[in-house]
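One-letter residues, chain by chain:
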Amino acid sequence: MAGKLLLHGTLALATLFAVSANGQATEGDTYRETYPRVAIDPARGVAGGADPAFGSTLQYWESDEALERHKHWIGDPAHEWKLNWKFMDLDRSDDMHPGYLALDKGEKLFNFWAKREPGFRTCLGEGKTDLKGLAAGYPKYDPKLKKIMTVESRIEHCAQTALWETFKQGSPENNLIALYFRAQSANMPIKVDTTSPEIMAAYRRGENIFYAKAGQYNFSCASCHTTSGLLGQRFRGQVPTSPFGDAAHFPTYRVGLGDIESLQQRFMRCNLQARTRGLPPGNPDYTDLEVFYTVLSNDYPVSVPSAR
Amino acid sequence: MKALFKKGRRMLPLLAAVALAGCAAQAGKPASPAPKTAKAPEFSEWPCLSRSLPCGQLPTRAPVQKALAEPLNGDPARGKALANERSKGNCVACHVVQGAVQPGSKGPDLSAYGTWNRSDAETYALVYDMRWRNPDTVMPPAGTNQILTEQEVRDVVAFLQSSK
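Protein chains in written order, with the numbering used here: chain H, 1 to 308; chain X, 1 to 164.
Extracted from the complex, chain X is given alone in its bound form (with noise of 0.2 Å):
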């Protein structure tokens, strides 16, 4: 078969590895991981799978239809950014937008989706929480889940209305 790791790549880093263990280890033990400094976002205000945790314990945030409150007042240019970012909208992780790098394919190609007719205000509801049309739908609700905010949401539904 075909071989998978080239020698130049894989050696660098484990001589590094090799070299940190030489310095940190003991007999029997070897060197633990730097702790990480940074503090991790812990996610436990939703649900998660622990039986003992109190996340464990959280209901699932109901769907919602959003009414869209006019007038829409999005910045198309903002929106953009946000779907493509992958720490905000991450929209680009399942559709293909304007400007997608690597987009995925799971989703419907929104790069035209502002020639398809859509009233702002469906497509406002459709990206705040889209499982009210669709209960199984493996979009997040980007709305009701806090991963975008009001305006935020509004951003990403004034660049997919510009996207022609």
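Next comes chain H alone, as it looks inside the complex (with noise of 0.2 Å):
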């Protein structure tokens, strides 16, 4: 074979990349490659997740009626990625998990902090007293912080106003309460703002790093999570699943990792077994990319105390 370079056709296929967040230029030069976008209507939240694009599951797990009606599925390798591991939430099973005893861990920290400076709950609370229903708005916009806040971020902040304390996110202190804070909104629908102009602008760049290539391998976050790449494909012993409903979990116990983990530790798990460089949480792009990914599971519950 002529080593005759196909270079033109590649390159005329392929996305430029464009760096367009927060006023810095846009590199249209820098040759940058991207999977091939599904049309995501951010209206529709979790409903999305009934596209064949994204591998049709959305009626195994929508409710708990549903599970129970697939349950046999359990166990099945051929068929148990379809109930995109939602059967491992809440109580849904008959036994205890340890996410429970993380969600005690977590109450008994909140307590003992909100007790020594009750500045702390009406920091988290945002004067209110009762986080009831609260964490199923995150991630929002903070007018007063002028940023994107997630709940992870919101402890954080409110461990060092309040406190004094440095709660990092990615931290025990700081996955503790949060799996506390967001379990005072378990089985309340999440309810992500796509009105506000800042979250819409946070999830359009979530949305530019799911198609993104990144990496040795190459991949982006689509090609394990669109029907296009590996999603309901045999992946070695593993299934990609869809990522609508993904975001109502965590903070989650992570059974192979004895621990619990928040959603953006395992967007950076994520990012280093595809040998891509991973990011602290907090980061300001995990961030956009857990907007994009929790209004995929708007109007789906708030699913912790979770394992996996």
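Any given hint might turn out to be false.
[To be verified] Straight-line Cα separation of at most 30 Å, BS3-like style, residue types lysine-lysine; simulated pairs:
| no. | chain 1 | residue 1 | chain 2 | residue 2 |
| --- | --- | --- | --- | --- |
| 1 | H | K144 | H | K132 |
| 2 | H | K71 | X | K106 |
| 3 | H | K147 | X | K29 |
Honestly, the hints are just simulated from the structure, not real lab data.
With the hints as a guide, bring the two chains together.
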């Protein structure tokens, strides 16, 4: 075979990656590959999980009844992935899973600090003392702080300002309190405000990240989590699942790690598994990706405690 | 619903965790996990998802249709090991190959590739970088992104050609 390069055709097909966030110059001359896009309507929330481009699995895990109807798939390697592991959320298993123990620890930890300094509670509640239902609205734009806040960044911020403590995102303190905070919204539908221009700007940046190829394997999130990629296919011993509804069960108890893990820690581990430089939890790019992912869980109930 | 966690299985690690936490934790501060000693690779030489780190500005390494400088000189036995080894070729993540344990299902079954009448040169160019033929492939460019060395690509090609 001749060593003729067919570069021109490939380059024409590949989309150029534009860095458009935060007023940075668009770098249109940098060659960046992206995975083919799928149209997603953010207004549909979790309902987009019914689309064939994302495996059409919503019907199997959208409700307790749907999960009950298909529970015979649990343990069946050909079908189990279609349940999107939602049978491991909340109290859907008969036995108590370690997520509950983590939640107990989180509650104790929160009470310890809220008793020592009541301002910690009102900071988390943005003035309210009852945290019930508040976490279902995250991530959200905070007009006072002028940035997108996640549950974890709110905890970091409030620990700093009310306790003078450093509960860094991804730390055991932050994860445990985040689990407790999220559990105050358990079973309530996730409602990320898609009418907020700041949230939607972050959503679009997060969507770009979802399709951006990166790392030594040249994978994007979409390479594994769309049907034209690996979604529903065996990928060694595992089957990649739908990105819809995925943000609902974090922070989750991860059996393989023996610890709880936040959504952004999962992003980091996922990047490393795909031989891509991981970013620290709380990084603005992961926050954008969390906004995108959580909008894909809108209207699905907060599903903690959970285990994976 | 079916019980997902057997009592015996979950209690052991939990007891260990509780014992450890008891040693190290202070009030209001759960024990932190022990710091990892070995330095993990960072992969900063390839594009990352950051808009501020230098790796976020790196270009994707462009597709190449790599010509094979003859002869192939590959070692099929070494190629078989590379194709099955997770830290190397990891071909089995998506393909059935000879000797595969828990193979994936995305890519075509390559266990009889040697009967397909493909040339060494074509096979070499595709293992090296599939993107010149299919820009939207999910197959990592083993040669272009240095997942395998030049000789290791040759070994994998020799293994595939010997799979009959």
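Here's how the hints hold up against the structure:
1. K144(H) x K132(H): OK: K144(H) and K132(H) at ~22 Å, within 30 Å.
2. K71(H) x K106(X): Measuring from Cα to Cα gives roughly 26 Å; hence the hint holds.
3. K147(H) x K29(X): holds, 28 Å
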